[in-house]
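Colleague: Spelled out from the first residue to the last, the chains are:
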Amino acid sequence: MTVRVKFFASLKEQMGCDGATVEIGEVATAADVWLAASGGKALPNNVLVAVNMEYCDPNQEVSSGDEVAFFPPVTGG
Amino acid sequence: MTVRVKFFASLKEQMGCDGATVEIGEVATAADVWLAASGGKALPNNVLVAVNMEYCDPNQEVSSGDEVAFFPPVTGG
Amino acid sequence: MRVEVHDTPFHPWKALQQYENDVIAREYPGKYGASAVFVGTMRDFNEGDEITGMTLEHYPGMTEKELANIVGEARQRWQLLEELLLHRVGDLAPNDPIVLVAVWSAHRKDAFEACRYIMEALKSRAPFWKKEQLDEGYRWVEKNTDGY
Amino acid sequence: MRVEVHDTPFHPWKALQQYENDVIAREYPGKYGASAVFVGTMRDFNEGDEITGMTLEHYPGMTEKELANIVGEARQRWQLLEELLLHRVGDLAPNDPIVLVAVWSAHRKDAFEACRYIMEALKSRAPFWKKEQLDEGYRWVEKNTDGY
Numbered sequence: 001m002t003v004r005v006k007f008f009a010s011l012k013e014q015m016g017c018d019g020a021t022v023e024i025g026e027v028a029t030a031a032d033v034w035l036a037a038s039g040g041k042a043l044p045n046n047v048l049v050a051v052n053m054e055y056c057d058p059n060q061e062v063s064s065g066d067e068v069a070f071f072p073p074v075t076g077g
Numbered sequence: 001m002t003v004r005v006k007f008f009a010s011l012k013e014q015m016g017c018d019g020a021t022v023e024i025g026e027v028a029t030a031a032d033v034w035l036a037a038s039g040g041k042a043l044p045n046n047v048l049v050a051v052n053m054e055y056c057d058p059n060q061e062v063s064s065g066d067e068v069a070f071f072p073p074v075t076g077g
Numbered sequence: 001m002r003v004e005v006h007d008t009p010f011h012p013w014k015a016l017q018q019y020e021n022d023v024i025a026r027e028y029p030g031k032y033g034a035s036a037v038f039v040g041t042m043r044d045f046n047e048g049d050e051i052t053g054m055t056l057e058h059y060p061g062m063t064e065k066e067l068a069n070i071v072g073e074a075r076q077r078w079q080l081l082e083e084l085l086l087h088r089v090g091d092l093a094p095n096d097p098i099v100l101v102a103v104w105s106a107h108r109k110d111a112f113e114a115c116r117y118i119m120e121a122l123k124s125r126a127p128f129w130k131k132e133q134l135d136e137g138y139r140w141v142e143k144n145t146d147g148y
Numbered sequence: 001m002r003v004e005v006h007d008t009p010f011h012p013w014k015a016l017q018q019y020e021n022d023v024i025a026r027e028y029p030g031k032y033g034a035s036a037v038f039v040g041t042m043r044d045f046n047e048g049d050e051i052t053g054m055t056l057e058h059y060p061g062m063t064e065k066e067l068a069n070i071v072g073e074a075r076q077r078w079q080l081l082e083e084l085l086l087h088r089v090g091d092l093a094p095n096d097p098i099v100l101v102a103v104w105s106a107h108r109k110d111a112f113e114a115c116r117y118i119m120e121a122l123k124s125r126a127p128f129w130k131k132e133q134l135d136e137g138y139r140w141v142e143k144n145t146d147g148y
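Chains A, B, C and D, in that order, give the protein sequences. Take 1 as the starting number for the first sequence in the numbering used here and just add one per residue. Take 1 as the starting number for the second sequence in the numbering used here and just add one per residue. Take 1 as the starting number for the third sequence in the numbering used here and just add one per residue. Take 1 as the starting number for the fourth sequence in the numbering used here and just add one per residue.
Next up, chain A with everything else stripped away, as it sits in the complex (with noise of 0.2 Å):
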């Protein structure tokens, strides 16, 4: 399946790139979708997850389309 990765802020700049359409196996979790964009880099501890726009678990799964975002800690307000 294809999911759409995008990545923020300081991830961005560390990435090279503001993110991917990452082809990926029918059974993945947004750790495997970093892990594959990331070229086999392990998920910082202090690195957000959203899926399609909302908080969640590294550990859940994705489905094809989704939008995988990957971002650190906020600082706004």
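No lab work stands behind these hints, which were simulated from the structure alone. Any given hint could be a false lead.
Listed below are the simulated SDA-like cross-link pairs for lysine to any residue, each with C-alpha atoms no more than 20 Å apart in a straight line [stated by the list, open to error]:
id, chain 1, residue 1, chain 2, residue 2
1, C, LYS31, D, LYS131
2, D, LYS109, C, GLU136
3, B, LYS12, C, ALA15
4, A, LYS6, A, SER63
5, A, LYS12, D, ARG139
6, D, LYS131, D, HIS6
7, A, LYS6, D, GLY90
8, C, LYS143, C, LEU92
9, C, LYS131, B, CYS56
10, C, LYS14, D, ASN95
11, C, LYS14, D, LYS123
12, C, LYS109, D, GLU113
13, C, LYS65, B, CYS56
14, D, LYS31, C, LYS65
15, C, LYS131, D, GLU113
16, D, LYS123, A, MET53
17, C, LYS123, C, GLU4
18, D, LYS131, A, VAL47
19, C, LYS109, D, GLU47
20, C, LYS14, D, GLN17
21, D, LYS123, A, TYR55
22, B, LYS12, C, LYS131
Every value quoted in this text rests on a predicted model; they were computed, and no experiment measured them.
Model the placement of chains B, C and D on the given structure of chain A, informed by the hints.
Modeller: Okay, now just chains B, C and D, sitting in the frame of chain A:
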């Protein structure tokens, strides 16, 4: 000695005046001033007392020329 | 610190705009990260009754002094840059602003807590008294409710 | 409820004036006894360093959704009449407003607590990121401090 008495809000209406000049003996508390000004009625529990625009206990002694104010619970804001 | 008792209507947001332009931005440029504001406005109801008007009495001299004491206590307790406190007296109509409390600080915790402290202390200590106009006659408000 | 992300400067007190005229006074005449407001403003210092500018990044779509979630939670928890939440993104200079949170309620306890709740939840959950411009280079702010 002479002290200046002031009443506010509902107390002013109950007393029928906003204040008075009271003649009283040389040693007197704020509660004594109330007694003199109210014609012998006891000071109600919920009446607040201020001497020279500072809150004080009814048992505080007053001095000649003091401004002694009595008023109900405050309801501003 | 600016503390004022007004016997005519004041405009909270305009007063804030002006105070920030005239005092805050000029004296503390780049330093005020946090402003907390409370505005109390006259309602047309209280304790189940319709209120058509209100008269606010105060103790000239003591009121201003007590308000300044309260703001002074907040300054001791929290790190504040500036404070603005306006309170209405006289005859009010529903929707008229009654009170404005504004504090400026570097940090939000100080701003939030000081603003609320000033407001609660004012409610329990500042010598103001509200007389409510009802459809028939009037009544003195007997006691402010606790705000914590 | 009005929630907006602005990529150009907004004016907190003017926005409040306008929202109160257009919405609050029209829809809730006589009902709003209490308004609590917080404004966060860009400082020229942070963690001991001089900050000359700031860029605020966000996650379009999710940011607005999460802000609306937060205001919705506050509505569940406290009795509120209306809420206004504005947040800046893009390039900011010192003294630029970053965030405005305003709530209107019948009573002050609800207004104070909901305003602070929204602000703290926003700080910990709304997807915004600050990049600070220093004299030499820039840095991402790593973490917001706790405000309670």
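Colleague: Would you mind marking each hint as holding or not holding in the structure?
Modeller: Okay, the hints, checked on the actual structure:
At most 20 Å may separate the alpha-carbon atoms for a hinted pair to count; LYS31 of chain C and LYS131 of chain D meet this at roughly 18 Å. Annotation: proposed proximity of LYS109 of chain D to GLU136 of chain C is violated, straight-line Cα distance about 30 Å (limit 20 Å). For the hint linking LYS12 of chain B to ALA15 of chain C, the alpha-carbon distance of about 33 Å lies beyond 20 Å, and the restraint is violated. Annotation: proposed proximity of LYS6 of chain A to SER63 of chain A holds, straight-line Cα distance about 15 Å (limit 20 Å).
Among the hinted pairs, LYS12 of chain A with ARG139 of chain D is consistent with the structure: their alpha-carbon atoms are about 14 Å apart, no more than 20 Å. Using a Cα cut-off of 20 Å, the hinted pair LYS131 of chain D and HIS6 of chain D holds, with the two alpha carbons roughly 17 Å apart. Using a Cα cut-off of 20 Å, the hinted pair LYS6 of chain A and GLY90 of chain D holds, with the two alpha carbons roughly 19 Å apart. Taking the CA atoms of LYS143 of chain C and LEU92 of chain C, the gap is about 19 Å. The hint holds against a cut of 20 Å.
This hinted pair does not check out: LYS131 of chain C and CYS56 of chain B have alpha carbons roughly 25 Å apart, beyond 20 Å. Straight-line distance between C-alpha atoms of LYS14 of chain C and ASN95 of chain D comes to about 18 Å, which keeps the hinted pair within the 20 Å bound. A C-alpha spacing of about 28 Å is found between LYS14 of chain C and LYS123 of chain D, which places the hinted pair above 20 Å, so the restraint is violated. A threshold of 20 Å between alpha carbons decides the hint, and for LYS109 of chain C with GLU113 of chain D the separation of about 13 Å falls inside it, so the pair holds.
Taken as a hint, the LYS65 of chain C and CYS56 of chain B pair is honoured in the structure, with Cα atoms around 15 Å apart against an allowance of 20 Å. A C-alpha spacing of about 31 Å is found between LYS31 of chain D and LYS65 of chain C, which places the hinted pair above 20 Å, so the restraint is violated. Between LYS131 of chain C and GLU113 of chain D the CA atoms are separated by roughly 28 Å; this puts the pair beyond 20 Å, and the hint is violated. As the CA atoms of LYS123 of chain D and MET53 of chain A are separated by approximately 17 Å, the hinted pair is consistent with the 20 Å bound.
For the proposed pair LYS123 of chain C and GLU4 of chain C, the alpha carbon gap of about 16 Å is at most 20 Å, so the pair holds. Annotation: proposed proximity of LYS131 of chain D to VAL47 of chain A holds, straight-line Cα distance about 17 Å (limit 20 Å). With a C-alpha separation of about 16 Å, the suggested pairing of LYS109 of chain C with GLU47 of chain D holds against the 20 Å cut-off. Restraint check for LYS14 of chain C and GLN17 of chain D: satisfied, since their Cα atoms lie roughly 8 Å apart, inside the 20 Å limit.
Note on LYS123 of chain D and TYR55 of chain A: the hinted pairing holds, with a Cα-Cα distance of about 15 Å set against a maximum of 20 Å. Under the criterion of a C-alpha separation no larger than 20 Å, the hint pairing LYS12 of chain B with LYS131 of chain C is consistent with the structure, at around 13 Å.
Going down the numbered hints, you'll see the structure goes against 2, 3, 9, 11, 14, 15, while the others check out.
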